[in-house]
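Protein chains: 6
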Amino acid sequence: MFSITVRDHLMVAHSFRGEVFGPAQRLHGATFLVDATFRRPELDDDNIVVDIGLATTELGKVLGEFNYRNLDDVDRFDGINTSTEFLAKVVADRLVEAIHAGTLGEGARGIREVAVTLHESHIAWASYERSV
Amino acid sequence: MFSITVRDHLMVAHSFRGEVFGPAQRLHGATFLVDATFRRPELDDDNIVVDIGLATTELGKVLGEFNYRNLDDVDRFDGINTSTEFLAKVVADRLVEAIHAGTLGEGARGIREVAVTLHESHIAWASYERSV
Amino acid sequence: MFSITVRDHLMVAHSFRGEVFGPAQRLHGATFLVDATFRRPELDDDNIVVDIGLATTELGKVLGEFNYRNLDDVDRFDGINTSTEFLAKVVADRLVEAIHAGTLGEGARGIREVAVTLHESHIAWASYERSV
Amino acid sequence: MFSITVRDHLMVAHSFRGEVFGPAQRLHGATFLVDATFRRPELDDDNIVVDIGLATTELGKVLGEFNYRNLDDVDRFDGINTSTEFLAKVVADRLVEAIHAGTLGEGARGIREVAVTLHESHIAWASYERSV
Amino acid sequence: MFSITVRDHLMVAHSFRGEVFGPAQRLHGATFLVDATFRRPELDDDNIVVDIGLATTELGKVLGEFNYRNLDDVDRFDGINTSTEFLAKVVADRLVEAIHAGTLGEGARGIREVAVTLHESHIAWASYERSV
Amino acid sequence: MFSITVRDHLMVAHSFRGEVFGPAQRLHGATFLVDATFRRPELDDDNIVVDIGLATTELGKVLGEFNYRNLDDVDRFDGINTSTEFLAKVVADRLVEAIHAGTLGEGARGIREVAVTLHESHIAWASYERSV
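Protein sequence lines correspond, in order, to chains A, B, C, D, E and F.
266 is the number of the first residue of the first sequence in the numbering used here; add one for each residue after it.
266 is the number of the first residue of the second sequence in the numbering used here; add one for each residue after it.
266 is the number of the first residue of the third sequence in the numbering used here; add one for each residue after it.
266 is the number of the first residue of the fourth sequence in the numbering used here; add one for each residue after it.
266 is the number of the first residue of the fifth sequence in the numbering used here; add one for each residue after it.
266 is the number of the first residue of the sixth sequence in the numbering used here; add one for each residue after it.
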């Protein structure tokens, strides 16, 4: 199995509901380092997993919708705890949609799995992985 | 599949038996950066994999038993090479016990896999992963 | 010159005033990795710069005042852009006060300089350094 | 499953053919950080995955064939895009050959999988993994 | 003293002249992680060292002139060993010119020092620092 | 001012004397990542600070004297707390001796300062810097 990963980042505010979150129930924020991984069993005609330029641009677009925002004010997250693991799934699902829409190039249709890791600090990170 | 990982560290002395270890047969030491990963297919009612505070506390407790010690003097390791890969299993097994004991919270019973990575330097690390 | 550095982190929300900040004028957030450095020309009687345990505890206390908060709601920052470089100074000044107050131990009075670096992402960080 | 990983690096020149590569069609270069991972279900008689010294030496030998070279001039890569993901496979295949040849020691015959990751920068990396 | 640092990277081919360089006399390549630091004693009216957006854009422009190139073919480097430390000076000098030209904003004229670090691998890096 | 830095590592056991060290008074150990920096105002005739190969070899020799040892058993450290900051000085002093002895090459006599940083974990490190 081959894979490539590209990294970008995201700076957001949010708060959590539930006693388990302790002081993180208050409005606070995070820088998330975001690693998006694309996996496939064989390389495409250019001998790559996906055009790394397109992958980087697409990841930037997905993150751009949330960057420099308060996630508590984003309609689609109404009533939802925007935990690191949940946000990893949001990003992964959007990248899978981009693959199906052809935004990552025709060759990218051979991608079989997408995994997204969000690092919330140097001592904690979360991932979500799924098939395409 | 979702996962979260928390990082802590451990500073121990030990020595190895066996020619394969060369100079590491002498009493020496290591700082191990320890990454503990918890995986599950669905998030719990709080939209998380596990309470990251509890996970961090529990990892600290597991490491606390060995921290600032000479592993050659720990009874349970008598006659055993405490290699990095072996220690990764020791930590992972203890975290699985904690899940079963409920120490990581009731929601944590949904965790399916635990993986532990110990970095012994910037150029070498070892992992062990198992089902819960 | 000797120095020791300890690292902790901080997760906050805030917003900026001024066109130069572009989208960061909106309420957003950041994880700041915080490196606090203490420098002195000679070591103390224990052969150290400062008790690393006390230094870590004190840094945690300083960050604890701001952690998991919206800095826009903190009175002392009213009307002030809480830029990364400004926050580095806030932390450094508090650590210097702690040295003068003896909170870092009597031996720590030999510290001559304090420097604080806040990493806002993997591609940007800011520092402030001053004499004690 | 147990694993150990060792890291080394490689500095090469190369160019790519295909519009998808944009400016990387020009002769340029890269430092690749190379992480080689060896996995097996049980440890050997010394309680390890593989002799980390032998693994490091063997990885160095594999990289030594390409280090400080222009890959466009290497016969076996004639007409091939030496993408990061492709080079990960080249290294992994060579390490599997070494396992079969016994170069990594008799105990290493228990290794079941090899994975190789090449980091081309702080924001992009590629992997290849295979069974032994 | 305050500072901010921004990071970008550069992928080039080059070769060296001189026995001291050993195998690096052959045409090879490198990824350089480039950290550009700007220092000043007081912050500007926006409470910052320099607009981090402008600093990042300007660093990208400076690196863009060399990115994805063979430095052996760049006229201004004719007969010069493009060592990591030398390239750090080339980047730093260009950033100082940008400060004087006002490209980094009027506020940036308060910057007193520029330092540039180029990481050629995880185990070697070089810096150059100068006054403005 | 120009500089180059090379990184290596060291794995040792040791213990400390003094209540300030708490549990670290017990025999334990550490992996130290060791960064050795060489500074000079002008480059040598090869356009470098120092031959990076010689610098790496020399650093390895200095560390080799202590690697895989219990520092409590090293005669020259008898009655001395081998703190991270103290060990940074030991390494720096040896590198300065090497410069004076010509071991780093004739060109290296232009080096004016040496700085050594020892990272004892991902959250703590110490440095010592001196003139040559």
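Treat the hints as calculated values from the structure; they're not laboratory data.
Check each hint, because a few of them may be wrong.
In this list, chains with the same sequence are indistinguishable; a pair is considered to hold if it fits within one copy or across any two.
[Said to hold, decoys possible] Within a straight-line C-alpha distance of at most 20 Å, the following computed SDA-like cross-link-like pairs (lysine to any residue) qualify:
hint, residue 1, residue 2
1, Lys354, Asn312
2, Lys326, Asp310
3, Lys354, Arg304
4, Lys354, Gly287
5, Lys326, Pro306
Against the structure, the hints come out as follows:
no.	hint	verdict
1	Lys354 x Asn312	between (28 Å within a copy, 11 Å between copies)
2	Lys326 x Asp310	neither (26 Å within a copy, 30 Å between copies)
3	Lys354 x Arg304	both (16 Å within a copy, 14 Å between copies)
4	Lys354 x Gly287	neither (23 Å within a copy, 28 Å between copies)
5	Lys326 x Pro306	neither (26 Å within a copy, 27 Å between copies)
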